[in-house]
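2 protein chains.
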Amino acid sequence: MTSKIKGSRTERELVQLFQNTGNWSAIRVAGSGLTKNPNPDVLAGNGKRYLALECKATKKTSKHIYEEDVIQIITFSNKFGAEPWFAIKFNRKPWLFLKPEQLNKTKSSNSSINLRLAEEIGLTFERLIEGGELCKTQ
Amino acid sequence: MTSKIKGSRTERELVQLFQNTGNWSAIRVAGSGLTKNPNPDVLAGNGKRYLALECKATKKTSKHIYEEDVIQIITFSNKFGAEPWFAIKFNRKPWLFLKPEQLNKTKSSNSSINLRLAEEIGLTFERLIEGGELCKTQ
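Protein sequences appear in the order of chains H and D. Each residue of the first sequence is one higher than the one before, starting from 32 at the first, in my numbering. Each residue of the second sequence is one higher than the one before, starting from 32 at the first, in my numbering.
Simulated from the structure, these hints should not be mistaken for laboratory data.
All copies of an identical chain are treated as equivalent in the list; a pair is satisfied when it fits inside any one copy or across any two copies.
With a cut-off of at most 25 Å between alpha-carbon atoms, the simulated DMTMM-like pairs for lysine to aspartate or glutamate come out as follows:
#	residue 1	residue 2
1	K67	E157
2	K87	E161
3	K120	E151
4	K87	E132
5	K79	E161
6	K120	E132
7	K79	E114
8	K136	E99
9	K110	E161
10	K79	E132
11	K87	E114
12	K87	E99
Starting from the given sequences, assemble the full structure and let the hints guide the process.
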C-alpha cells in the first residue's frame, strides 16, 4: 500500500470521527499535498468553529514535520478563517491533536512530535471538539 | 475527456478565482460525488463568510439539477456553517451563482436552471464575494 493511499485512509477515518458526532461536518481536501495552494488535509465545521487539520500518521514513536507544513496550515487557516491543528495518529493509539506552536522545534527550522509529548499535551478527539463549548461558558 | 475530469477542471477554475482575490481561500472537496456524506464540490472562506458550492457546468442553455443535490448542499451547509450556493458555468459565459431557493422547480421534485434566468437573477463572482461587505455596511 503506498503512503498516499494510507494517508487517504487515515484522513477518511478522521472525517468519519467528525461525522459520527452528529453535529460536525468534515471533508477531505482534494490534492492537498499536490497543489501550489497552502491546503490542509481535512476541514471540519459545526457552525461555530472551523478546524483546518494537517494529518500525520506513523508507525514510529516520533514524526518529523517540515517547516513548510507548519507554514501552510497557518497560512491557510488565517485566510480561510479556521483553527490550525496537527492531527497525529501513532500506531494503535487514538488520534491526538496539537496546535502548530506545540510542536517540538528541531535544530533545523523543522519540527517533530513524539508520542510522549503528544500524550502529555495533545488533545483527544473528544477534548478537541469540546473546546468550543468550554470557551463559550467562560 | 470524461465528465469527471471536466468537472474537476471547472472546479479548479473556480478555486483559482477565489485564490486570485488574495483574501479568500478555497479548496476542492475530495470525492465529493462519491462518498455517502453530503459534500459540496468546493468550500471557500475569508474569515468572515464560508461558502459551500455545488458546481455545475454545461454546454447547453439549461441544466437539470437533481433534488438530491439540492438537499445535500443545504444539509452540509447547515451543519458545517456555510452559505449554500450553486455555481453555474454555461459555455463561454462567466460563472453565475444562485441560492438553492432560486432554482426553477420542475414538475418532478427536481430543479433546473437556464441561462436566461441565471443571467437575470444570478450573482457574478464579484457580486458573490462582495456580499459580505454589503451586509456589514447595512
